[in-house]
Amino acid sequence: MMPHTTTDSPLQLHARLANGHMVDARVASARPHAAQLLIGRSPAEAVAMVPRLFALCSHAQGTAARLACDAALGAAAPDAVEALAIERQLAAEAAQEHLWRLLLDWPALFGIEARRNRYAELHRRLSRPQEADAAYTLGGDLLDLVARELLAGFFRHNREPRTLAEFVDRADSGGDLGSVLARMIKLGAAEPPATGPTPLLPLRDARAWAKTLGDVPDLAFCRTPSFDGMAAETGPLARHQSSPLVAMLVQRGHRISARLMAKVIDLADCGSRLRSPLAPEVPALADACPIAPGCGLARVETARGLLLHVVRIEAGTISDYAICAPTEWNFHPTGSFVREGMGWTCADADTARLRLHALILALDPCVGWALHVEEADHA
Amino acid sequence: MCLAIPARVAELLPGDAARVELGGVLKEISLALVDEVAVGDYVIVHVGYALSKLDQEEAEATLALFAQAGLTSSLEDA
Numbered sequence: 001m002m003p004h005t006t007t008d009s010p011l012q013l014h015a016r017l018a019n020g021h022m023v024d025a026r027v028a029s030a031r032p033h034a035a036q037l038l039i040g041r042s043p044a045e046a047v048a049m050v051p052r053l054f055a056l057c058s059h060a061q062g063t064a065a066r067l068a069c070d071a072a073l074g075a076a077a078p079d080a081v082e083a084l085a086i087e088r089q090l091a092a093e094a095a096q097e098h099l100w101r102l103l104l105d106w107p108a109l110f111g112i113e114a115r116r117n118r119y120a121e122l123h124r125r126l127s128r129p130q131e132a133d134a135a136y137t138l139g140g141d142l143l144d145l146v147a148r149e150l151l152a153g154f155f156r157h158n159r160e161p162r163t164l165a166e167f168v169d170r171a172d173s174g175g176d177l178g179s180v181l182a183r184m185i186k187l188g189a190a191e192p193p194a195t196g197p198t199p200l201l202p203l204r205d206a207r208a209w210a211k212t213l214g215d216v217p218d219l220a221f222c223r224t225p226s227f228d229g230m231a232a233e234t235g236p237l238a239r240h241q242s243s244p245l246v247a248m249l250v251q252r253g254h255r256i257s258a259r260l261m262a263k264v265i266d267l268a269d270c271g272s273r274l275r276s277p278l279a280p281e282v283p284a285l286a287d288a289c290p291i292a293p294g295c296g297l298a299r300v301e302t303a304r305g306l307l308l309h310v311v312r313i314e315a316g317t318i319s320d321y322a323i324c325a326p327t328e329w330n331f332h333p334t335g336s337f338v339r340e341g342m343g344w345t346c347a348d349a350d351t352a353r354l355r356l357h358a359l360i361l362a363l364d365p366c367v368g369w370a371l372h373v374e375e376a377d378h379a
Numbered sequence: 001m002c003l004a005i006p007a008r009v010a011e012l013l014p015g016d017a018a019r020v021e022l023g024g025v026l027k028e029i030s031l032a033l034v035d036e037v038a039v040g041d042y043v044i045v046h047v048g049y050a051l052s053k054l055d056q057e058e059a060e061a062t063l064a065l066f067a068q069a070g071l072t073s074s075l076e077d078a
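Protein chains in written order, with the UniProt record's numbering: chain E, 1 to 379; chain G, 1 to 78.
Please note that the accuracy of each hint is not assured.
To spell it out: a stretch of chain G is covered by chain E in this simulated footprint if at least three of its residues, at any positions, have a beta carbon under 8 Å from a beta carbon of chain E; those stretches are [what the hints assert, rightly or not]: (1) 2–11; (2) 18–25; (3) 35–48.
Sample of chain E residues lacking proximity to chain G, with all beta carbon distances greater than 10 Å (derived) [to be verified]: (4) F110; (5) P161; (6) A220; (7) D350; (8) A376.
Pairwise CB distance ranges, derived in the manner of DEER restraints [as the list claims (entries may be wrong)]: (9) E60(G) x D218(E): 49 to 57 Å; (10) R124(E) x V25(G): 44 to 52 Å; (11) G48(G) x A75(E): 37 to 45 Å; (12) G48(G) x E45(E): 49 to 57 Å; (13) A67(G) x E82(E): 48 to 56 Å; (14) D35(G) x P333(E): 36 to 44 Å; (15) V25(G) x E82(E): 36 to 44 Å; (16) A61(G) x P293(E): 27 to 35 Å.
The set of hints was computed from the structure by calculation and includes no laboratory data.
The C-beta atom is built at its ideal place from N, Cα and C for all residues, glycine as well.
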């Protein structure tokens, strides 16, 4: 899955290299606002329509629509059996999204052959409805995939690596993703952004978001969301920042690699959720609550991060609808791509492109994108 | 949030590939992720891969919906 290089991609990413220094990074997004299609429709129409609107994460989008409408209407939450089914389906979909990146895109970035057949096999299994027995087996297979195929080198030792050298040694000694991680780390650490790293979005439930937003958010929020007045990063790094190996990579200035490691941990988490959905002490991937009379909010943690749907229903008709997707957080005009896409030294434009490409894959946009690196050498 | 704009399969190509018509443009894609696709079928495409098949009625309803909202001119990230 390579990026578009044409100007018709919805996400245009620009960076500027001057005298061996990345001096600028910008995002231009021309994403269509699909929520407008839902206004004026009945909740039932909207719930049927939403999964058909989105090519990726259609289960997450459909679940969010349904839970938000139910919360607005004061309908009962899904019963225990259905809640388990929702959790399994969301975990399967998130695993599918992670595997696309991990088996196809990341290896290709470093000239390692993409594992198309393996991905195709898993894509088919993960696309099916996830009955409990099949999901249990599939979850186990995902855990095996992580341990035997992606990061095998880490599972041949009795203890976790304590130094970066040990980390690279384990990464390099087995597994496709291990090789990718080792090569990524060998590219070198990045200076922390001059403006500091983008804050990581805390994991919050629907009630917390309802309290923060207070109403259906406007289009400006959906396009450039903020938390505590600032851009924030959502996704695997935010979810697994306290995992020791992820934290070690962050501390040593390898934030891109930390995101990749967090993605693999998230894939294993999907496997665990498929085996034991809604386990005690593990927050559900989706929840919802009323936000005001006739108004409901749903939250879903997707592969790429937080997805919010907020709906207002008046006299049986949707009068307002907002969708805020993870890509809007991570490719915010002052977010992680912009902060980490500049402020570092770089030997040449090809190396700059490689690191920026890795940063983009790490932040994982859900739309096609194009990267433009401008060289502006001064005498 | 990439829009799921249905693409009609115009021609099957060797190597599990196809040429699809999307927004008036012909594009070559991989069929590696879907089974039993025939000319005339509709598929949802994402960055060069058909992700899923959908029936004609559903595809036409979705295309009409996007057209009504003026969204079909964008190829999104197919």
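**Request:** Against the structure, test the hints numbered earlier, and report the numbers of the ones violated in rising order.
**Result:** Violated hints: 2, 9, 10, 12, 13; rest satisfied.
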